[in-house]
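When you get a sec, could you build the whole thing from the sequences and use the hints?
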Amino acid sequence: MMRGWRYWRLKTKLLFLTLFVSTLGIALVCASLIFVENRNYKKQLESELHVIAGILAEQSAAALVFEDNVQLTSIISSLERINTIRQACVYNEQDNFMTSLVGIDEQPCPSLDQRLELGFVDDVYRLLMPVSLGNETVGRLFLSSHLEVLRGHIRTFVWVAIGIGSTILLALVFLALRLQRIVSGPILTLSETAERIAMNHDYSIRAPVSGTDELGRLGNTFNEMIGTIQQQNLRILESRDNLERVVDARTSELSMANRELEAFSYSVSHDLRQPLRAIEGFGQALEEDCGEHLNDVGKDYLRRIRAASVRMASLIDGLLILSRVSRQSMENHSIDLSQMLREITDELKDISDHPPAEIHIQPGMQVVGDSRMLRIVFQNLLGNAWKYSSKEKKRVIEVSATLEGSVIAIEIRDNGVGFDMRYIDKLFVAFNRLHTPSEFGGTGIGLATVYRVIRRHHGTISATSEVGKGASFVVKLPVSGDQR
Amino acid sequence: MRDHLKYFIFTILCLCLGLAPANGSIRSEYEVKAAFLYNFTRFVRWSQVVDSTAPLIVCVVGDDPFGELLDPLRGRKSQGRELQLRYPDSTFELTGCDVLYISQSQSRNLPELINLARQEGMLTVSDLPDFIRKGGMLGYVKKGNVIRFEINLKAATEAGLTINSRLLELAVRVLR
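Chains as they are written, first to last, in my numbering: chain L, 1 to 484; chain Z, 485 to 660.
Hints were generated in silico from the structure; no laboratory data involved.
Below are the SDA-like pairs computed for lysine to any residue, each with C-alpha atoms no more than 25 Å apart in a straight line: (1) K626/Z / F97/L; (2) K561/Z / V138/L; (3) K517/Z / D95/L; (4) K426/L / S462/L; (5) K476/L / P363/L; (6) K299/L / A313/L; (7) K626/Z / V138/L; (8) K517/Z / T137/L; (9) K561/Z / G54/L; (10) K561/Z / G134/L.
Residues of chain L placed beyond 12 Å of chain Z at every Cβ, according to the derived structure: (11) F157; (12) A171; (13) E192; (14) V268; (15) Q284.
Even for Gly, the Cβ is constructed at its ideal location relative to N, Cα and C.
Dropping the structure here:
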């Protein structure tokens with residue numbers, strides 16, 4: 001029964017405890033009262049019967065010695081009026097039966113030859129009193145009284161006790177219910193309020209508080225706590241709003257600056273092209289039309305001018321591409337990367353197939369992204385591999401992909417000259433070159449462009465290398481292109 | 485039910501009453517009278533006797549009807565006094581008697597004996613007919629087969645004797 005005690009409602013627990021303790025108390029009191037009453041009543045009965053027997057014995061002594069049965073019978077018959085007496089018998093000196101009074105039982109008087117059980121036996125009380133005259137015993141008197149009166153008395157007592165007990169219990173139930181309203185009522189209200197707050201996240205709700213006792217204090221403390229939470233919430237919201245405003249402002253400032261910078265670099269690159277084309281065009285015209293007027297030194301200078309202008313054009317192209325990949329909006333599609341890489345390597349082979357190239361491209365690679373931008377990325381990476389392995393006896397270029405959770409890692413490995421890992425920090429920064437133009441041509445913008453495109457695709461790029469043992473570039477792109 | 489009960493009690497009573505004489509008839513008349521004589525002494529107080537330990541002397545005057553039946557009384561104690569038996573021949577030897585049993589042979593000396601008894605404070609007992617009317621104190625009477633007795637309280641009081649009321653209750657007749 002007590003197994004569910006923990007899950008009982010507070011109300012039930014209080015009521016149960018109150019009733020249990022009081023029932024126990026009442027039952028104990030009633031039981032002890034009944035016990036005491038029973039004992040007292042028995043004692044009283046015993047002494048009453050002894051008194052009666054004593055009087056009878058005194059009265060019947062003379063009649064006994066004179067064997068006057070008529071007198072004896074009349075003496076004994078006075079007992080008829082005492083309705084608890086069941087049987088009364090008189091015996092003479094020789095323990096012979098003299099006379100008797102029989103009650104309802106109509107039992108014969110017991111013989112005194114055998115031992116008689118006296119006192120309280122079953123539901124009778126038995127008494128054997130000597131009848132004495134002077135110092136001599138002249139006979140004996142036997143009395144037997146039934147205990148129905150005692151039983152009735154105790155029964156009445158029990159019923160009264162039960163009645164009073166139930167009345168008290170009823171009063172207690174009433175009181176306990178009232179008490180509960182006083183004690184558990186506020187607790188229940190508090191608990192309901194707490195539940196409502198937790199459910200609705202409405203910290204403006206307050207628990208009703210009455211009185212200044214412990215429960216009142218509990219309610220007040222609870223309300224104070226809720227108040228504190230409400231204020232803190234307000235402050236958090238305010239500071240979040242502030243923060244957002246600040247971030248918004250910063251972001252817009254930043255993006256404006258970025259846009260200006262990009263516009264600047266675009267216009268610069270675009271505007272630089274025209275004079276450069278003029279330099280290149282007139283340089284070519286000078287070489288064709290007036291070549292015969294120049295000596296070897298002049299021709300050398302002219303060649304250098306033209307080479308520089310070509311390099312500058314490619315620099316400007318690189319810058320244009322860089323600004324374009326930064327500015328252009330992206331269109332994400334699923335791309336067959338293997339196909340794209342094969343196209344790029346075919347183009348590279350068309351330009352220069354010396355030394356012979358051995359190219360391994362893992363088939364079936366798929367990525368998601370802007371195809372034009374990614375083409376620029378892999379043109380750069382493969383072009384680098386192509387360029388830096390041009391001094392080997394044989395080009396070996398491997399492209400493979402592994403899936404790492406939601407990220408695909410594409411590795412491009414070559415057997416070229418590699419680079420010194422000390423300068424890895426400068427690798428993806430624009431205009432930084434790890435090789436001299438006399439060794440390998442280049443603008444120093446390619447990897448910066450790669451870096452920017454990969455970042456715009458929410459990916460990462462890393463490189464490892466050892467001087468003379470080739471380089472490995474790993475591009476990691478999210479499998480589902482639409483990350484945001 | 486109630487009538488039935490009454491009838492039953494009545495039957496039992498009759499049975500008891502019937503049985504008692506039947507038992508008594510086993511004993512002879514004088515056996516009963518001897519027992520009565522002893523029992524009388526237990527319910528009488530002699531105011532003239534000061535010494536409560538002095539022997540209680542029972543005198544049988546005239547022809548002794550008891551024979552040996554009184555012998556068991558010798559030495560028995562009544563109210564703390566030891567019983568002694570005497571069989572005086574003449575009235576002069578009666579001094580010191582406490583109980584006087586007057587046999588039927590003494591009916592002629594009765595007034596004299598009664599007088600003496602009154603003066604000396606003796607208890608007079610006899611089975612003479614009409615004994616108490618003649619001034620005797622305790623007289624045996626026969627009711628059917630049962631021996632009973634009657635008392636002349638006046639005579640006893642005059643002799644300075646007190647008779648226990650319990651004895652009076654048992655008497656067939658009490659003269660006051």
